[in-house]
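Chemist: Starting from the known structure of chain E, fit chains W and R onto it as the hints suggest.
Protein chains in written order, with the working numbering: chain E, 1 to 137; chain W, 1001 to 1373; chain R, 2001 to 2350.
Calculated directly from the structure, the hints in this document are not laboratory data. Wrong hints could be hidden among the right ones.
To be verified - Calculated lysine-lysine pairs in the DSS-like style (CA-CA distance at most 27 angstroms, straight line):
#1 W/LYS1350 <-> W/LYS1021
#2 E/LYS18 <-> E/LYS52
#3 W/LYS1023 <-> W/LYS1350
#4 W/LYS1350 <-> E/LYS52
#5 R/LYS2227 <-> E/LYS60
What the hints assert, rightly or not - Beta-carbon label-pair distances, calculated as ranges:
#6 R/ALA2290 <-> W/HIS1057: 31 to 37 angstroms
#7 R/TRP2197 <-> W/GLY1317: 36 to 42 angstroms
#8 W/THR1017 <-> E/MET1: 26 to 32 angstroms
#9 R/GLY2076 <-> W/GLN1282: 19 to 25 angstroms
#10 R/ALA2344 <-> W/GLU1297: 41 to 47 angstroms
#11 W/LEU1092 <-> R/ARG2273: 18 to 24 angstroms
#12 R/GLU2113 <-> W/GLN1282: 56 to 62 angstroms
#13 W/ASN1122 <-> R/THR2041: 29 to 35 angstroms
#14 W/HIS1034 <-> R/ARG2273: 45 to 51 angstroms
As the list claims (entries may be wrong) - Among the chain E residues that face chain R by a calculated CB cut under 8 angstroms, a handful are:
#15 LEU59
#16 SER61
#17 PRO64
#18 PHE67
#19 GLU84
#20 ASP86
#21 CYS94
Values in this document were obtained by computation on a predicted structure and should not be read as measured data. By construction, the Cβ of each residue, glycine as well, lies at the ideal position given by its N, Cα and C atoms.
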Amino acid sequence: MVRHVVATTSEIAPGGNKVVTVAGREIVVFHVNGEFFALRNRCPHEGAPLAKAACVAHLKSDEPGRFQRSRVGEMLRCAWHGWEFDMRTGQSFCDPLRVRARAYAVAVEAGETLAKGPYVAETFPVTVEERYVLIDI
Amino acid sequence: MADVLERADAPGAAAVTAQDKLKVIDCDIHPSLHARADLYPFLAKRWQHHLETYGGHLRTPFTSTTPYPRSSPLLARRDAWPPSGGPPGSNLAFMRQQHLDPINIEFGMLQVLDLLVVSQQNQEFGSALQRAINDWQLECWSRPEPRLKPSILVSQDHVEAAVAEIERCAATGNYVQVNISPRANEPLGRRRYWPLYAAAQAANLPLGIHVGGYGGHAPTGGGWPSYYNEEHHSNAHSMAAQLTSLIIEGVPERFPRLKFVFIEGGFGWVPAISWRMDKHWQRFRDEVPHVRRPPSETVRERFWFTTQPIEEPEHAGDLRAVIEWIGVDRLLFSSDYPHWDYDDAHSAFKIPLTDAERRKIFNGNARAVYALG
Amino acid sequence: MRIDCDIHPGLEGTRATLLPYLDAHWQEQVTSRGIDGLDLTSYPTTMPLSCRPDWRPQRGKPGSNFALLKAQALDGLGASYAICNVLYGAQAAFDPYLAAAFCRAINDWIAAEWLAREPRLRASIVVPMQAPDLAVEEIERLAGDRRFVAVLVLVQGETLLGRRHFWPVYAAAERHRLPIAVHSGSQYRTAPSSIGWPSYRLEYYIAEAQAHQAQLLSLILEGVFGKFPGLKVVMMESGVSWLPAFMWRANKTWKGVRVEVPWVDRPPADIMRDHVRLTTQPFDAPPAQADVERLIEQIGSERMLLYASDYPHWQFDGDCAIPQGFPASLVTRMCRDNPLETFARLEAPA
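Chain E with its partners taken away, still in its complex shape (with noise of 0.2 angstroms):
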């Protein structure tokens, strides 16, 4: 692992992100609720830019028209089809499939991606020293 500087803390407003290159791979670097969060900017799903998702409440509910928000701006609902992320974990938030028992033969091609699940956004410990933003790859 190295540690690579990607942005000063004032760079990136709140609310905000910064895309870079390091290590050959691209990463967006978010600024939320004080703390910064990093991924591979590339959606799991089918490629999107995650500097581009819209940066949400967590929501969920127990009752139908009541809606929970927490964690304001930390989730990720990708600039395509709309899927959720924790920018902290990378994990998608419906957890789309599920390992099932019963054995199945799938090829896997060179360059092609295949739907494995459950979808995770890469993510990069992020950490913040005096005025600079690192991440570890």
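Modeler: Relative to the frame of chain E, chains W and R by itself:
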């Protein structure tokens, strides 16, 4: 939640894949007006005034938005807003940069939803709009960018005007299909629309049926849904119903050279409706003696389906069965750019495709249907 | 054991059949105003689908002859139990009080002249969804009679079944362990499909499959199964083979626009596997047996299908109503275990 599996991914990429080399024909691209005034060169003053005052008259509750709020602003990908301004799809340079070039688009079929020409209640206004939209497609999109092919958009419930417009546009030789809505006043198989099919056939143009429109009926047979989730899904149901109507009314037989393209309905629903039509046709044969063959045979010969929104089975490999059941020849790749549920040509199909299949789905089938040479 | 989850005793007519089960007011309305002929447009009794020729009585409406139904549906098709779903059009009337009175009469008639005479028969409670509070009253009235094992509604009504104003019906049904049987058929309040009014009955019948799907979306997305976790819904006479592709699309849309319905806290397909069942006649099968097996696999659950003959509707020939190509393990489950799990009030002898 414990069994998190990483996706096999090839960042920054080694070998160029088969998909990269392939030229793609995209059967569903949505250009949009930057401003209403874009239409004015093609619209008489009387109708410019009408547009600015009375505006569109649709069978929906709101003047300035869709009845069901969408997933994202203007239905679009959030990254598709041109940096220089204007709504998604309104800037040709940006469309080239973001979509046509990177996806290696050889041809893209235009589908215009602005102003919902197909559903305008004021039929004179609708006629004026359709002429303007069809001219605008040709002059502002297709001429500067020959990869983009215009469609003859017609308001199907004003059949006379629609026929005149088909003839007018077809005479130019520039348009690739006739476009109507699956949400019309009546099911599309009904007799009142037959002159329209005659005109399309005479012009040797396929009939493209693109989801959308407000025909005055609820999106379901059981009333109005509460949610966009339901309404969006109902597009697939409308397509299945229209497939049924066209076949049961004998439209393919009556217009033997007409090809039918179902656009933006996806295709997962096609096998089951084909089986259902076949099964129950057998019991109702004396009601519809003009339907002389099992409906599924007609589906396999005369109907094509664009791939977006691509079906996402719980087990990705199940898509293989669906493709076999429909027939790989029936599928036409579409992206639906710049809409939110866009399909990326590289990553939409989550099963391996043979080179031959890939060439058909992403190019060859559309090339044949649209006679692109 | 074979439990037939969908048969249709026929009702001759309002005057011919229901009069004794109506109160004095409605008897007078019926006789002095000539109120009759409520056979549903969805099922004209003379068309081929409505009755297999060898099941059609010499006189009277399809399914109206008790002896014939016994001999054909029960003995002939080998039913240990059969659930009666009466499709006479009380459900489609506009006047809510007429609808309620006629539904009551239908239920009382079924109990007195069918259930009482044949221990293998059970029935769904016919309810007036035109007035949900009156539907609840009818459920409560009959809840104590365990021969009633479900609540019957038509798949095409005025408003979609998931809507809030129907929730008291589901509360009552859940309370009394009655699944909701959503059966093909229409109140004809709106066009039977989003594309408008069909020319042909064949078109209409085919469109019922989409109506079932729209109702499932409504029930799931409005949160009915979250609100009523004990509730099950049985889609009857729906065609079935649309199910996997429908599940996939429902999941796909929900994943993208979950924010609209955050009370739907797991994929719609998973909710369906727990709460939704489908009767197996008709089964709109792919032509090849191998494809039937693939389709069943795609459904991803052996608990969803319920055996049914749809007697006397003409869906198959011969005396076997089990669709071809179903794996043996599924057949056993769908004929016995699944119906017993679904219709909790239907207790098989040990």
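Chemist: Give a verdict on every hint.
Modeler: The hints, checked one at a time:
{"no.": "1", "hint": "W/LYS1350 <-> W/LYS1021", "in the structure": "holds, 18 angstroms"}
{"no.": "2", "hint": "E/LYS18 <-> E/LYS52", "in the structure": "holds, 10 angstroms"}
{"no.": "3", "hint": "W/LYS1023 <-> W/LYS1350", "in the structure": "holds, 19 angstroms"}
{"no.": "4", "hint": "W/LYS1350 <-> E/LYS52", "in the structure": "holds, 24 angstroms"}
{"no.": "5", "hint": "R/LYS2227 <-> E/LYS60", "in the structure": "holds, 15 angstroms"}
{"no.": "6", "hint": "R/ALA2290 <-> W/HIS1057: 31 to 37 angstroms", "in the structure": "violated, 53 angstroms"}
{"no.": "7", "hint": "R/TRP2197 <-> W/GLY1317: 36 to 42 angstroms", "in the structure": "holds, 40 angstroms"}
{"no.": "8", "hint": "W/THR1017 <-> E/MET1: 26 to 32 angstroms", "in the structure": "holds, 30 angstroms"}
{"no.": "9", "hint": "R/GLY2076 <-> W/GLN1282: 19 to 25 angstroms", "in the structure": "holds, 22 angstroms"}
{"no.": "10", "hint": "R/ALA2344 <-> W/GLU1297: 41 to 47 angstroms", "in the structure": "holds, 45 angstroms"}
{"no.": "11", "hint": "W/LEU1092 <-> R/ARG2273: 18 to 24 angstroms", "in the structure": "violated, 48 angstroms"}
{"no.": "12", "hint": "R/GLU2113 <-> W/GLN1282: 56 to 62 angstroms", "in the structure": "violated, 34 angstroms"}
{"no.": "13", "hint": "W/ASN1122 <-> R/THR2041: 29 to 35 angstroms", "in the structure": "holds, 34 angstroms"}
{"no.": "14", "hint": "W/HIS1034 <-> R/ARG2273: 45 to 51 angstroms", "in the structure": "holds, 48 angstroms"}
{"no.": "15", "hint": "LEU59", "in the structure": "holds, 5 angstroms"}
{"no.": "16", "hint": "SER61", "in the structure": "holds, 4 angstroms"}
{"no.": "17", "hint": "PRO64", "in the structure": "holds, 4 angstroms"}
{"no.": "18", "hint": "PHE67", "in the structure": "holds, 6 angstroms"}
{"no.": "19", "hint": "GLU84", "in the structure": "holds, 7 angstroms"}
{"no.": "20", "hint": "ASP86", "in the structure": "violated, 14 angstroms"}
{"no.": "21", "hint": "CYS94", "in the structure": "holds, 5 angstroms"}
The structure does not agree with the numbered hints 6, 11, 12, 20 stated previously, though it agrees with the rest.
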